[in-house]
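4 protein chains.
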Amino acid sequence: MRIIFIGDVMGPIGQETLTTYLPKLKAKYRPQLTIVNGENIAMGKGITKSLYKTILTAGADVVTMGNHTFDKDDIYEFIDDANKLIRPANFPAQHTPGKGYVLTKVNQTTVGVINLQGRVFLDSIDDPFAKVDEILAEIQAQCDYIFLDFHAETTSEKEAMGYYVDGRVTAVVGTHTHVQTNDAKILPKGTAYLTDVGMTGPYDEILGMRKERVIERFLNHRPVRFETPLSGRGQLNGCVIDFSSTKNAARKIELIQITPDQPFLE
Amino acid sequence: MRIIFIGDVMGPIGQETLTTYLPKLKAKYRPQLTIVNGENIAMGKGITKSLYKTILTAGADVVTMGNHTFDKDDIYEFIDDANKLIRPANFPAQHTPGKGYVLTKVNQTTVGVINLQGRVFLDSIDDPFAKVDEILAEIQAQCDYIFLDFHAETTSEKEAMGYYVDGRVTAVVGTHTHVQTNDAKILPKGTAYLTDVGMTGPYDEILGMRKERVIERFLNHRPVRFETPLSGRGQLNGCVIDFSSTKNAARKIELIQITPDQPFLE
Amino acid sequence: MRIIFIGDVMGPIGQETLTTYLPKLKAKYRPQLTIVNGENIAMGKGITKSLYKTILTAGADVVTMGNHTFDKDDIYEFIDDANKLIRPANFPAQHTPGKGYVLTKVNQTTVGVINLQGRVFLDSIDDPFAKVDEILAEIQAQCDYIFLDFHAETTSEKEAMGYYVDGRVTAVVGTHTHVQTNDAKILPKGTAYLTDVGMTGPYDEILGMRKERVIERFLNHRPVRFETPLSGRGQLNGCVIDFSSTKNAARKIELIQITPDQPFLE
Amino acid sequence: MRIIFIGDVMGPIGQETLTTYLPKLKAKYRPQLTIVNGENIAMGKGITKSLYKTILTAGADVVTMGNHTFDKDDIYEFIDDANKLIRPANFPAQHTPGKGYVLTKVNQTTVGVINLQGRVFLDSIDDPFAKVDEILAEIQAQCDYIFLDFHAETTSEKEAMGYYVDGRVTAVVGTHTHVQTNDAKILPKGTAYLTDVGMTGPYDEILGMRKERVIERFLNHRPVRFETPLSGRGQLNGCVIDFSSTKNAARKIELIQITPDQPFLE
Ligand SMILES: [Fe+2]
Ligand SMILES: [Fe+2]
Ligand SMILES: [Fe+2]
Ligand SMILES: [Fe+2]
Ligand SMILES: [Fe+2]
Ligand SMILES: [Fe+2]
Ligand SMILES: [Fe+2]
Ligand SMILES: [Fe+2]
Chain A
1 MRIIFIGDVM GPIGQETLTT YLPKLKAKYR PQLTIVNGEN IAMGKGITKS
51 LYKTILTAGA DVVTMGNHTF DKDDIYEFID DANKLIRPAN FPAQHTPGKG
101 YVLTKVNQTT VGVINLQGRV FLDSIDDPFA KVDEILAEIQ AQCDYIFLDF
151 HAETTSEKEA MGYYVDGRVT AVVGTHTHVQ TNDAKILPKG TAYLTDVGMT
201 GPYDEILGMR KERVIERFLN HRPVRFETPL SGRGQLNGCV IDFSSTKNAA
251 RKIELIQITP DQPFLE
Chain B
1 MRIIFIGDVM GPIGQETLTT YLPKLKAKYR PQLTIVNGEN IAMGKGITKS
51 LYKTILTAGA DVVTMGNHTF DKDDIYEFID DANKLIRPAN FPAQHTPGKG
101 YVLTKVNQTT VGVINLQGRV FLDSIDDPFA KVDEILAEIQ AQCDYIFLDF
151 HAETTSEKEA MGYYVDGRVT AVVGTHTHVQ TNDAKILPKG TAYLTDVGMT
201 GPYDEILGMR KERVIERFLN HRPVRFETPL SGRGQLNGCV IDFSSTKNAA
251 RKIELIQITP DQPFLE
Chain C
1 MRIIFIGDVM GPIGQETLTT YLPKLKAKYR PQLTIVNGEN IAMGKGITKS
51 LYKTILTAGA DVVTMGNHTF DKDDIYEFID DANKLIRPAN FPAQHTPGKG
101 YVLTKVNQTT VGVINLQGRV FLDSIDDPFA KVDEILAEIQ AQCDYIFLDF
151 HAETTSEKEA MGYYVDGRVT AVVGTHTHVQ TNDAKILPKG TAYLTDVGMT
201 GPYDEILGMR KERVIERFLN HRPVRFETPL SGRGQLNGCV IDFSSTKNAA
251 RKIELIQITP DQPFLE
Chain D
1 MRIIFIGDVM GPIGQETLTT YLPKLKAKYR PQLTIVNGEN IAMGKGITKS
51 LYKTILTAGA DVVTMGNHTF DKDDIYEFID DANKLIRPAN FPAQHTPGKG
101 YVLTKVNQTT VGVINLQGRV FLDSIDDPFA KVDEILAEIQ AQCDYIFLDF
151 HAETTSEKEA MGYYVDGRVT AVVGTHTHVQ TNDAKILPKG TAYLTDVGMT
201 GPYDEILGMR KERVIERFLN HRPVRFETPL SGRGQLNGCV IDFSSTKNAA
251 RKIELIQITP DQPFLE
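Residue numbers (the UniProt record's numbering), protein chains in the order written: chain A, 1 to 266; chain B, 1 to 266; chain C, 1 to 266; chain D, 1 to 266.
Hints were generated in silico from the structure; no laboratory data involved. Some clues are possibly wrong.
Same chains, same label: a pair holds when it works inside one copy or across any pair of copies.
Here are the simulated lysine to aspartate or glutamate pairs, EDC-like style, with alpha carbons at most 20 Å apart [what the hints assert, rightly or not]:
| # | residue 1 | residue 2 |
| --- | --- | --- |
| 1 | 49 | 242 |
| 2 | 252 | 74 |
| 3 | 24 | 77 |
| 4 | 24 | 254 |
| 5 | 72 | 227 |
| 6 | 189 | 216 |
| 7 | 49 | 71 |
| 8 | 211 | 166 |
| 9 | 185 | 227 |
| 10 | 28 | 61 |
| 11 | 185 | 71 |
| 12 | 28 | 204 |
| 13 | 185 | 73 |
| 14 | 24 | 204 |
| 15 | 84 | 138 |
| 16 | 26 | 80 |
| 17 | 211 | 227 |
| 18 | 247 | 80 |
| 19 | 211 | 133 |
| 20 | 105 | 166 |
| 21 | 189 | 261 |
The model shown is predicted, which means the values in this text are computed figures rather than measured ones.
In isolation and in its complexed conformation, chain A is listed as follows (with noise of 0.2 Å):
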């Protein structure tokens, strides 16, 4: 059972660069799941529903968000009515629309996808590691394979993430940074980990968003407008992922990257 999963498509230019490139990364790994991460999809902040269909389109069986998941008021019209779309699932329960998790099935297997938020410099929302273990126990039983997108901020988290459910998930992949780490591993009890995916976008700004508004910022403090452009030069960052046939555990994690520097190689 291989997957792929794609970090977080920003603006016009990684919806661009996302259904130039996922159908050939499809056809170059042939993978039985393609998971995007899509919170940035709609002029960097948030997805409407029209560009969740975009990245289902371009080849994407589930779509994770992120901290962005809200920012459009569009995803209220559509959310709940999106069985393939998941947000973090430790926004607090009782007072946010959509799931956290999903189950697909892939031919005869079941594969559970959880998305979940850090909260070290982010918002505090509720507790990721008991979400975490509250979940498993729900879905353990019934999923041949599980695949956690840990959105979240800081290395440390992250990692802990990694190791806290080491054994208990086929595969914990970090999103939100937009940069993508050189840490892929296999974890002692057998968990694939890395800890930032990276971002799908523009090649040439920072974050994804023009980098001399970004940088005005930091020179002078004031209120600016980010923006992430309309064309330029793209990029994408995933990961690819074979899961093992014992449960939980992955036989191998490797790094996706198109880059005007490093082109796509059929």
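Mind docking chains B, C and D with the ligands on chain A? Use the hints.
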């Protein structure tokens, strides 16, 4: 002109890994200049005179630091005389011993090495962007090459610094998160850039601190003493950069990573 | 029904000031219930069994805590048996010794006392708003009156809690900033409210810590050990609240402040 | 020499309350100088040229600002000509329009008014402690009295500033938390001090923003637009300070508070 930069050396395991592999790396890559970040060598927090000498003996020409610079009181005994050690230049000048940059002679050329610290999610010291302008105004004319260790938490502040000094320094490499990023590149105006070089220390822990303690802290939110283990498997993270003969431009930047899963190749 | 609440007792000076003035205050105001926040009594950080008894001996019926609850290891020796001590109820239940609320009999009436901690600029523990709902569902029916010590940093989170429980508890009083606010009032549905009651300890220092050390830290941003002085002029900050016979309503809330500039009047 | 200082005027309710009561307060207290913090007058965020004039017409001699200074673009149209408006002096000088202090003639005397912003839990601008030293070196000789509005979040940074400039300015009064503190005092070397003067605006909301919205944000952690109401009951918070004839010393500092529960007394 080639330099090697090795990320945050963490405790006894980091020290041993550095001592073992730095000579081999120098034999393999034959750099003219070797820089090591030493902010975590003293049991994870700070540095001592004896460990500073250990790093130099292992092969470093310059030792850079970070937010842990002053964690061990021993630093006050030797920092003003340690002419190969620099701490973040944007600590308030009037109140801080030591220096934030150093010029090093390598044959006929002069290489400036600068250490700066970010402020996002770190202490509010002086502005690193204003400070780098100030330092460059002072040393630009005297230097053939300039290397900057930017010790910072977020990808945004690091990328902003990279683009801000692009074409004004030869390389900007980030430290502090202890996880190597996979985004080494040459920026448009020629500066080599890497968001984080990663750390040198324990392979099986969280940021080099005992994982049980870090996880415990995330679960119970009570005071716990983080500690780096005395023994265990190590890793080394670094990069090698080839400077161009053009001023403030690099030809190549490559990642170095030695781990139990990815052993050193001669 | 009248209660007195005394803010964070800070170190030896706080202890002495409490011991001196609490009996006099009780003689003057004749409260039926006395509550004291004790999170800083052990040299500024935490509490010990012996100091817990000191607070009770000085006249407290219930001791509340805050973010410093577990700073002194001694707490683990007695917290589970200390039936008059409560710590923030929103520490993760599964991982935290002690309890977050207590019901106290005062003649024929039952007063619930709850301790909660805010999350803005403090550690990300469990949601205090969800937790207060949960606790009120448990104890509302059994209580004639309910007092909440909300230990939090920002005025916004404290006011939000005040209005959130207005008409569901008798009084909400904030602690943690160590400076008394001048906004005591009865909220629209009857709950007495005060953003911060202030602290009980040194008068001539910063938050009760030696001012030279705190200023030094702001100037040089290096590690410095904060300490509370052993002797010096003290102050006491508190409030007195008259509960109404109407459930979850107060008639009056007044500030108490004893300082060298504003001595105790019989 | 007597001055009146009025805290952050918040939206239309703040504007109306100021317009109604400032003339009455001036008639009652007969101050020689009136200073008003105007950072929130434009619907809670920033100021416009027209509202700046409204504050002056209401009776202010100097308008101070804070972290919301640049929230409304209109500020760029008039800040450089607004000789009675100051913004935090520690915004980076090179990149910031406007000025951070002003000297005002009152009869034969010169009063310096300084505006600074803290950095704890606020944006990392320049060091307010270094900046106040720099400004005092410039203006000390020319001023008979100096008033400092220190716009900051925490009690620790505010008290630290108070003691740091004690004996070097005549008064330090904090703003930003929107809740008046009850710790007005004369520091050992003569400077009048108050941690926060409080705000002028809605009485029945949270910090002057609609309470339902603020509570909603604490419950669901989703993006919500905070807004200040157009009408409702108002409050005014301020203080009156009597400067001593001794340089950099005050004789008295008293709180001013006008609320529906505590009406204005002639
Ligand atoms: Fe993202
Ligand atoms: Fe994100
Ligand atoms: Fe480090
Ligand atoms: Fe660091
Ligand atoms: Fe406290
Ligand atoms: Fe506290
Ligand atoms: Fe304000
Ligand atoms: Fe403010």
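Q: Starting from the hint list further up, note which numbers the structure goes against and sort them upward.
A: 1, 2, 3, 9, 11, 12, 13, 14, 16, 18 and 20
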